[in-house]
Amino acid sequence: MFTPARDLFADLTPDQRAAVEHGEGPLLILAGAGSGKTRVITRRVAHLLQCGVKPWSILAITFTNKAAGEMKHRVDALAPGNKVWISTFHSLGARLLRQYADRLNIDRNFTIYDVDDRNKLVKDALDRAGIDNVKFTPERLAGAISKAKNALQRPKEYEQQARDFFTQTVARVYTLYEKALRQANGMDFDDLLYLPALALKLNEEFRAELDARFKYVLIDEYQDTNQAQYEIARRLSLHHPNLCVVGDPDQSIYKWRGSDIRNILDFERDFPAARVITLEQNYRSTKAILHAASVLIDHNKQRKKKTLVTGNPQGDPVRTLTFDNGLDEAEGVVLRIKQAVEAGRFRYRDHAIFLRINALTRSLESAFVKHGVPFQIVKGLAFFDRKENKDILAYLRLLINPADTVCFLRAVNEPARGIGKVSLERLVNWANEHEMTLTAACGNAARIPEIKGKAAAGLREFYRLMTELRAKIDLPPHEVIREVLDQSGYRKMLAETGDEDDADRLANIEEMITAAKQFHDEDATRTLADFLEQITLASDVDSHDEKADSVSVMTLHAAKGLEFPAVYMLACEQGILPHNRSIESGKDEELEEERRLCFVGMTRAMRELHLCHARMREFRGQITYQVPSMFLDELPADVDRQDVAGGKNTARAAIDEWRSGYRSAGGRAGLPPVKPTIPAGDGSGYAVGQVVQHDEYGIGQVTDVSGFGALRRVKVRFPAAGEKTFVADKVKLRVVKRG
DNA sequence: AAACCGGCCATTTTT
DNA sequence: TGGCCGGTTT
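Here the first sequence is numbered in my numbering, starting from 10 and rising by one per residue.
The hints are all genuine.
Lysine-lysine pairs mimicking DSS-like chemistry, simulated, CA-CA at most 30 angstroms apart: (1) Lys596 x Lys310; (2) Lys399 x Lys132; (3) Lys430 x Lys399; (4) Lys501 x Lys396; (5) Lys430 x Lys129.
To be clear, the hints were calculated from the coordinates, so they are not data collected in a lab.
All values derive from a computational prediction rather than experimental measurement.
Using the sequences and the accompanying hints, generate a full structural model.
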């Protein structure tokens, strides 16, 4: 090895340094929360490059695309212009499947099926197999299929070990689903791991080639890998066992998704020569926070003891806050944040609010808007989940993959072309009989005797349209989308109604076109297919904008890997955290995962940590008494426990009072949730979060800015009048306070 | 073929 | 509470 440049090590501790410096051979880094593991992986990649390792022989796997992007950025700063592969497991899988499509005997133009698409396909399979007398939902069956794939069980293998009625049903559906998926040339999320893993397992030539190609493999968050991912990691490291994994068993929170904590616990068994480095020095949190989190996690029985230490100051005590009800909690937290900012203690972006479940974001939104506090809800696909965007995406996917049945069925009659349910059913049957894709059958519509009149004409028109558009798929992504929007009649459908909502929808599609343009501007070699893949594989945190000065709201799962100066964890109540599902399961294992989840949330905090709960909470229209989380009881005695319920008690009569107060204060009922948009530096003068004044409606807060030029709309939520949409160019709004 | 309505249902976390 | 499905009407 060459003598490495000084600067790579200057700011590292001896343990970190050892991990970075480690040469050949397997390496396990047990990195406690906040111990700088990302830095270690990044430096290690840079170090390998400095030692003369070829960039293309390094493969680094992260948990999110965002983390991959950041690592790429940092590695590039340390070793400019390198070609190291840095991606998530899923992106890696997609890339391998496309690159080696011919050898693996698959069509490289496959489309990636998200959970919705998958469930639809499972439902179809169910209908076609005539399995509707059973109570198993498509989601549940799809979940079981997903598990099977994670465990690398093919339909036949699964069938052989299916013993009870449920698993036998799953076996039948699995077989049908796989067939449908392959016919549609689709890959579900699990396939992106499962197929490469199987190929590596069954095809030694393929395995050896990739093993030799990726001589150094580094994997972050190893405690959350599932069996398929494990298989990939291990089989890429047989001849060149330079596998470096980093993880923390205390932060394993994805067991429900098939991850297996044994992967990290058994690493030394899998690689007896492995060197183990433990990082226990925490650089993130105050002593108070670290102590509280350590005491909590110590309640887990199935755990290898580990003691985190920090040289940071003691800091403020960890605080628990007791509120009377969920609305008070939301408002109380927002106000506390606002005060902290106004007092100059923190900026908005220093704050994060963590939730166990997404459903809890609603009341928070109202509170944020009410008090003019800027916020972002970190929930990735919300924008692309809108109907209009999904419709356009269906066209795009169908252009690239004509076999995509789910997209065909979505696009074919949107806008309406007179093709109804019955005609489509006939088309699907005919296609199945003739073993054709729906697109091909559509081209043969004239030969299908049962389809006539308007439906036949509509299908003919749709086929012509798609053929025409397909000639343009090599244009830059945003141009293809514009062609689709114009040629398909979708724009016409939205433009001619004069409906305000339709104008909004059009503006949303225009926004997607802008996103595609940005995507293309960043790197002109990227295609439409790349754009679609990025959208599908995006994670929630990928949409997190840490530059915006707003409070971040996200689930505990999304919070992994992040850090914030001040953290609020809401609804620390029995049934929510830990979640009912885990309590009801009666399994310690599941309860311990909830505790780890709580631990992950707590250890995100650098300086202030507030754990909140309410005595009453409305859920699904029902008001229930809530019991504080058992985890709050498990915290050390030096935690500052504050009851801020303001004298309100828990007597029965109080419920009705509270309810009537809630109802009358609920003038905002029925308002759509605020779209989490990044305040755009787009020259419109308006940005989400701003407080503005309107002549008629008074003071309100901007909740959305969309569209461009004459199409630009600004959405404002008024306390009294509710949400209104204005044409930005026309409306007179005075900006009272910047967001 | 498409819009409309009413009852039913489920309720975690995500690449 | 609200989202979805299935039935009914236009």
